[in-house]
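So you can see what is in the structure, the chains are spelled out below.
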Amino acid sequence: MPYIQNSDADREAMLAEVGVGSVRELFDSLPQDQLLDRDLAIDPGLNEEQLQRHLANLGAENTPAAGACFLGGGFYDHAWPALVDHLMQRTEFLTSYTPYQPECSQGTLQWIYEFQTMIADLCGCEVANASMYDGASAAAEAALMAMNATGRSKVVVSAGMHPHARATIMTYLKHIDAEVVEAPLKNGVTDWGDLVDDQTAAVMVQQPNYLGNVESMAPVVAIAKAVKAYSVASIYPVSMGLLKSPGEQGFDIVVGDGQSLGVPLGYGGPSFGFFAASLKAVRKLPGRLVGISEDTEGKRAFTLAFQTREQHIRREKATSNICTNNALIALRGCMHMAALGPEGLEEVACVSRQRALEMVGILKQAGFSRAFPDAAFFNEVAFRADSEDQVLQFKRALKDEGLFGVIPMGRDYPGMEDVFTMACTERTLPEDLIRLGRIAATVLQQEVAR
Amino acid sequence: MRLTPVNLLFEDSRPGRRTVRTPGADRSLATAGLPREELREKPVAWPEMGELDLVRHFTRLSQRNYAISTNFYPLGSCTMKYNPLVNEAIAGQGAWSGLHPLQDDSSVQGALKVMHDLAADLGEATGLPGVTLHPAAGAHGELTALMVLRAWLDEQGEDKRRTILIPDSAHGTNPASCTLAGFKVVSVKSDDMGLTDMDDLRTHLGDHVAGMMITNPNTLGLFEDNIAEICELIHQTGGKVYMDGANFNAIMGIARPGDFGIDMMHLNLHKTMSTPHGGGGPGSGPICVTEELTKYLPTPAVVKTNGKYRLRTPEASIGRVRAFHGNFMVLLRAYSYVKRLGAIGIRRVAENAVLNANYLRVKVRDHWRVPHDRICMHEFVARPTMEMREAGIHTMDVAKRLMELGYHPPTVYFPLVINEAIMAEPTETESRETLDGFAEAMIQVAKEAIAGEEFLHAAPRNMPVTRVDEAKAVKNPNLRYQHEA
Chain A
7 MPYIQNSDAD
17 REAMLAEVGV
27 GSVRELFDSL
37 PQDQLLDRDL
47 AIDPGLNEEQ
57 LQRHLANLGA
67 ENTPAAGACF
77 LGGGFYDHAW
87 PALVDHLMQR
97 TEFLTSYTPY
107 QPECSQGTLQ
117 WIYEFQTMIA
127 DLCGCEVANA
137 SMYDGASAAA
147 EAALMAMNAT
157 GRSKVVVSAG
167 MHPHARATIM
177 TYLKHIDAEV
187 VEAPLKNGVT
197 DWGDLVDDQT
207 AAVMVQQPNY
217 LGNVESMAPV
227 VAIAKAVKAY
237 SVASIYPVSM
247 GLLKSPGEQG
257 FDIVVGDGQS
267 LGVPLGYGGP
277 SFGFFAASLK
287 AVRKLPGRLV
297 GISEDTEGKR
307 AFTLAFQTRE
317 QHIRREKATS
327 NICTNNALIA
337 LRGCMHMAAL
347 GPEGLEEVAC
357 VSRQRALEMV
367 GILKQAGFSR
377 AFPDAAFFNE
387 VAFRADSEDQ
397 VLQFKRALKD
407 EGLFGVIPMG
417 RDYPGMEDVF
427 TMACTERTLP
437 EDLIRLGRIA
447 ATVLQQEVAR
Chain B
3 MRLTPVNLLF
13 EDSRPGRRTV
23 RTPGADRSLA
33 TAGLPREELR
43 EKPVAWPEMG
53 ELDLVRHFTR
63 LSQRNYAIST
73 NFYPLGSCTM
83 KYNPLVNEAI
93 AGQGAWSGLH
103 PLQDDSSVQG
113 ALKVMHDLAA
123 DLGEATGLPG
133 VTLHPAAGAH
143 GELTALMVLR
153 AWLDEQGEDK
163 RRTILIPDSA
173 HGTNPASCTL
183 AGFKVVSVKS
193 DDMGLTDMDD
203 LRTHLGDHVA
213 GMMITNPNTL
223 GLFEDNIAEI
233 CELIHQTGGK
243 VYMDGANFNA
253 IMGIARPGDF
263 GIDMMHLNLH
273 KTMSTPHGGG
283 GPGSGPICVT
293 EELTKYLPTP
303 AVVKTNGKYR
313 LRTPEASIGR
323 VRAFHGNFMV
333 LLRAYSYVKR
343 LGAIGIRRVA
353 ENAVLNANYL
363 RVKVRDHWRV
373 PHDRICMHEF
383 VARPTMEMRE
393 AGIHTMDVAK
403 RLMELGYHPP
413 TVYFPLVINE
423 AIMAEPTETE
433 SRETLDGFAE
443 AMIQVAKEAI
453 AGEEFLHAAP
463 RNMPVTRVDE
473 AKAVKNPNLR
483 YQHEA
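Top line first, the protein sequences correspond to chains A and B. Position 102 of the first sequence, counting from 1, maps to 108 under our numbering, and the rest follow consecutively. Position 191 of the second sequence, counting from 1, maps to 193 under our numbering, and the rest follow consecutively.
It should be emphasised that the hints constitute simulated quantities derived from the structure, not laboratory data. Where hints are given, some of them may not hold.
[As the list claims (entries may be wrong)] DEER-style ranges, computed between Cβ atoms:
{"hint": "1", "chain 1": "A", "residue 1": "D39", "chain 2": "B", "residue 2": "A460", "range": "49 to 59 Å"}
{"hint": "2", "chain 1": "A", "residue 1": "L435", "chain 2": "B", "residue 2": "E39", "range": "32 to 42 Å"}
{"hint": "3", "chain 1": "B", "residue 1": "G26", "chain 2": "A", "residue 2": "D406", "range": "23 to 33 Å"}
[Said to hold, decoys possible] Derived coverage of chain B by chain A (criterion: at least 3 residues anywhere in the stretch with Cβ under 8 Å from a Cβ of chain A; other residues may be distant):
{"hint": "4", "region": "121-130"}
{"hint": "5", "region": "241-250"}
In this text, a Cβ means the ideal position worked out from N, Cα and C, and glycines have one as well.
Modelling step: build the complete structure from the supplied sequences, incorporating the hints.
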């Protein structure tokens with residue numbers, strides 16, 4: 007049988023030791039009327055060769071966007087060095103678990119400490135945790151933490167946050183007497199109006215927002231501070247190569263999705279979420295934390311810290327229910343951040359934005375203008391077409407040429423049916439930008455001809 | 003194990019060292035049109051490392067870990083089984099890892115089929131046909147299921163049912179998830195046999211009860227004999243029964259929770275279905291529910307119509323609990339695992355997991371106290387004997403000594419209902435010799451304890467560090483490296 011090493015002879019000997027006559031007898035103490043009296047209706051097993059062939063056939067039914075990808079929407083087609091794939095597969099990393107026993111888990115604990123440091127620096131915050139599931143659930147946990155810390159129940163969320171993050175916040179807060187208010191967009195950026203008041207626990211913004219536009223961050227902090235609410239920013243890590251970190255600007259909590267830090271697109275997961283805040287808030291943080299302590303000889307030693315916040319000790323009074331996080335993917339992030347270094351991050355950010363600027367020029371020439379010309383963008387841009395049909399037509403035309411792009415905004419933003427976004431990264435090929443322009447021109451000319 | 007320390011990245015950082023370079027960057031071009039007040043003034047303080055030093059750094063760190071691939075890892079409740087490498091080979095292929103989550107359905111038919119068929123197989127294995135692959139981990143699945151329960155209660159107009167009953171032996175995530183979903187927790191006692199105390203359970207029933215969360219087999223490694231009756235009692239009182247599927251490895255292909263009355267459960271694919279989760283994740287925590295509850299599951303679900311797969315939102319969906327479609331790359335590995343095993347292989351997993359646990363139990367029971375010493379499921383709980391305790395030896399000493407002898411310790415001090423618990427789950431993938439070796443180590447430690455060996459308190463002495471002062475990490479928190487100003 008696959009993956010089971012003991013032979014029939016081993017089993018015989020072991021059964022004798024246990025004092026039962028057959029494997030089936032081990033289940034004799036179970037209520038017999040509850041046992042399955044048939045085999046599961048699951049296909050017979052494959053050997054390894056058959057399995058690989060089966061999966062290769064299935065894989066052939068996919069057309070991966072990577073390498074020809076203008077899709078963004080929270081996941082971006084960035085590059086990573088080969089060492090990330092290779093080292094992550096070291097089975098000492100791959101097949102360990104949560105480092106409950108520090109003495110035999112120093113490897114895991116040390117990289118988590120390094121990860122926490124680099125994420126905290128990225129966010130401009132004092133501390134970061136060991137990772138969350140993804141950016142959306144990290145945003146929801148940030149709302150919960152703000153409610154917990156302020157004792158208030160209203161959360162004001164920018165409509166520019168990722169629709170999935172907003173939906174996740176709604177789901178998480180639905181059953182605990184919370185109120186979620188959405189601040190609308192005006193000219194592609196958040197219009198806070200007078201929605202934030204002294205009942206507000208958190209003011210939440212995404213930088214850059216889902217339309218690709220750069221938000222004004224200082225006013226968000228000011229609005230939140232004025233009523234002693236928590237300011238929460240969700241960031242796209244690569245943009246931090248050029249943009250100021252929210253922590254530096256005074257935000258209380260900074261979260262985000264780490265996919266752009268060395269994680270494959272992977273059809274949307276797993277990536278890792280990150281969560282950073284100030285040291286004074288540490289006892290309210292969700293998730294695991296690693297700290298430095300010492301061993302009995304005074305040597306530096308890493309260990310899990312502040313476990314009394316966590317569910318396995320605090321149970322129903324825990325700060326969060328999170329247990330398993332996304333550590334292995336956070337390890338990818340850790341290696342990738344170290345491989346980039348400060349200059350590497352800035353270069354990736356610069357080239358991604360330079361390609362986006364080129365894209366704007368090329369698409370403008372073809373006839374697609376920016377939907378929000380007064381807003382600044384980073385690497386993702388909202389364009390306006392003549393109609394929703396034209397948006398879909400452009401998307402199809404790209405796909406016919408082997409390019410992936412165009413996220414229609416209409417589904418998440420009523421009234422924006424004619425708006426779509428396109429993103430560039432350092433992997434965007436100049437020749438693909440030229441093809442993009444040609445395809446756009448064709449689509450727009452067809453429209454004129456009609 | 004590598005004993006000499008490894009510097010922090012930040013200590014080895016040298017200005018100007020690089021690994022990744024991206025040509026063509028031009029800061030003045032790139033910043034044109036960006037508002038000045040949003041621009042970064044100084045670069046992020048990340049380390050500057052050359053490639054070889056970086057490779058050495060992480061390779062050396064990996065050598066400071068115990069892992070399944072280095073030796074036996076009997077961490078109870080965590081099902082640390084072999085993670086098949088063929089699944090890594092498959093997941094490494096661009097046909098899967100290169101898919102963008104917002105690609106149109108027609109370009110990801112292979113991925114959608116994987117999700118569709120995996121959901122069907124999990125539904126069959128649990129007897130609960132409504133499956134969502136969306137949740138990111140077990141606790142996330144619990145939370146999702148409790149939200150499904152809330153949606154069902156709301157539709158029934160049941161606004162008073164806000165209490166969830168949970169046995170005192172449950173995982174900590176159960177009560178924590180209840181709080182997040184707006185439920186109150188009432189603890190149900192365990193009886194002398196380590197099972198749910200039926201009399202105590204009956205005293206808690208009433209029209210305030212929304213449901214019960216139960217782990218079966220429970221965290222003592224025992225099958226809840228009265229499970230059908232428990233489900234019936236909860237149903238009669240007007241609630242639903244949720245099963246924590248952490249221990250599903252014991253009964254896969256042997257019994258189906260849906261058949262004994264469970265309404266909802268989660269599976270930990272990273273445990274039961276062997277997907278790697280090094281350092282604490284990623285997981286995947288699908289939930290499986292009855293037909294009745296299917297319409298409340300989160301979005302999206304995969305459906306097949308006219309031979310094509312597509313994503314859609316269930317009729318009365320609770321919404322999203324995360325972005326996109328679940329931890330797809332974990333689901334892919336789980337799918338490969340299920341396809342490799344097939345129906346018979348799945349049953350063999352449970353049989354061998356239970357045999358291995360019982361073999362280990364029998365091997366150590368003359369030297370350790372096994373409070374519930376009868377045929378167990380996939381794991382069992384032991385504790386130090388009175389003699390060991392009188393010699394001043396605690397479970398923590400035992401755990402650290404086992405490390406010296408080359409083993410990752412079992413789960414310790416859990417479940418909370420057993421004082422000084424030590425909970426071992428060998429899994430089906432271990433050989434008899436490995437179990438023999440571990441049993442000998444357990445017996446050796448028991449003898450050393452009774453002999454009053456002082457070195458037990460000093461263990462571990464051959465690890466990269468000696469015993470770590472965990473309290474100090476809280477008293478003087480140092481949670482990140484402080485760069486020199």
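> What are the numbers of the hints that this structure violates, sorted from low to high?
Replying inline: 5
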